[in-house]
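**Student:** For what it's worth, our numbering labels the leading residue of the sequence shown as 25, then goes sequentially.
A hint or two may mislead.
If you anchor each label on the Cβ, the simulated ranges turn out as follows [to be verified]:
#1 Ala45 <-> His87: 27 to 33 Å
#2 Glu41 <-> Glu77: 22 to 28 Å
#3 Glu41 <-> Trp130: 21 to 27 Å
#4 Met46 <-> Glu131: 48 to 54 Å
#5 Leu170 <-> Pro32: 34 to 40 Å
#6 Gly136 <-> Lys88: 24 to 30 Å
#7 Ala153 <-> Trp130: 25 to 31 Å
Just so you know, these hints were derived from the structure itself, not from any lab.
This structure is a prediction, so every number in the text was calculated from the model and none was measured.
Glycine residues also receive a C-beta, built at the ideal position from the N, C-alpha and C atoms.
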Amino acid sequence: MSETQQQPVVSEPTAVEMRRAMGYFASGVTVVTGHGEEPVGFACQSFASVSLEPPLVMFCADHKGRAWPDIRRSGRFTVNVLGEDQDELCQRFGSSRGRKYDGLDWELSRWGTPSLPGVLMRVHAEVEAVHVAGDHDVVIGRVLELETTPPWRQPMLFFRGRFGVEDADSAIAPNLWGWGDHWG
Numbered sequence: 025m026s027e028t029q030q031q032p033v034v035s036e037p038t039a040v041e042m043r044r045a046m047g048y049f050a051s052g053v054t055v056v057t058g059h060g061e062e063p064v065g066f067a068c069q070s071f072a073s074v075s076l077e078p079p080l081v082m083f084c085a086d087h088k089g090r091a092w093p094d095i096r097r098s099g100r101f102t103v104n105v106l107g108e109d110q111d112e113l114c115q116r117f118g119s120s121r122g123r124k125y126d127g128l129d130w131e132l133s134r135w136g137t138p139s140l141p142g143v144l145m146r147v148h149a150e151v152e153a154v155h156v157a158g159d160h161d162v163v164i165g166r167v168l169e170l171e172t173t174p175p176w177r178q179p180m181l182f183f184r185g186r187f188g189v190e191d192a193d194s195a196i197a198p199n200l201w202g203w204g205d206h207w208g
């Protein structure tokens, strides 16, 4: 039987099976930043464009996350889209440990949100709506400004529990830092 003719694996949607199945969908990696008493941010792979008219985006934030409550209170955020070479930024904001901005060369945007260095693109937005969805909030943001930064590079991708798609035939990576620390 060829690879395209193999029988699908059917399973109940437990947390483990959801992680395994959703791992087949490659996603970009972003860092959502905002401001509370100090700058905050978290690595986020659940980000998408929602509407062109009006310009809306969305991201999902874990209820257990430390940064999301501050971003929600401030009402504004920036989505920083990471390039494939920005592992250090991803690790810094994907972990719940450490001070994320220590020693980082970042700037405050005109919207009052942190802009991270060298990213592929930035979306500056204000919180328009928040919808509770299980253990996450689905955040809809109205886009205030877009920034793209040449030269064009490859994006950071997350696929089957790993970064990149080079080793697509391997098993899903066990308990990466991002999964264990609850991005968001």
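**Student:** Confirm or reject each hint.
**Tutor:** For each hint, the structure was consulted:
{"no.": "1", "hint": "Ala45 <-> His87: 27 to 33 Å", "verdict": "violated (22 Å)"}
{"no.": "2", "hint": "Glu41 <-> Glu77: 22 to 28 Å", "verdict": "violated (38 Å)"}
{"no.": "3", "hint": "Glu41 <-> Trp130: 21 to 27 Å", "verdict": "violated (38 Å)"}
{"no.": "4", "hint": "Met46 <-> Glu131: 48 to 54 Å", "verdict": "violated (34 Å)"}
{"no.": "5", "hint": "Leu170 <-> Pro32: 34 to 40 Å", "verdict": "holds (39 Å)"}
{"no.": "6", "hint": "Gly136 <-> Lys88: 24 to 30 Å", "verdict": "holds (25 Å)"}
{"no.": "7", "hint": "Ala153 <-> Trp130: 25 to 31 Å", "verdict": "holds (28 Å)"}
Taken one by one, the earlier hints fail for this structure at numbers 1, 2, 3 and 4, listed in ascending order.
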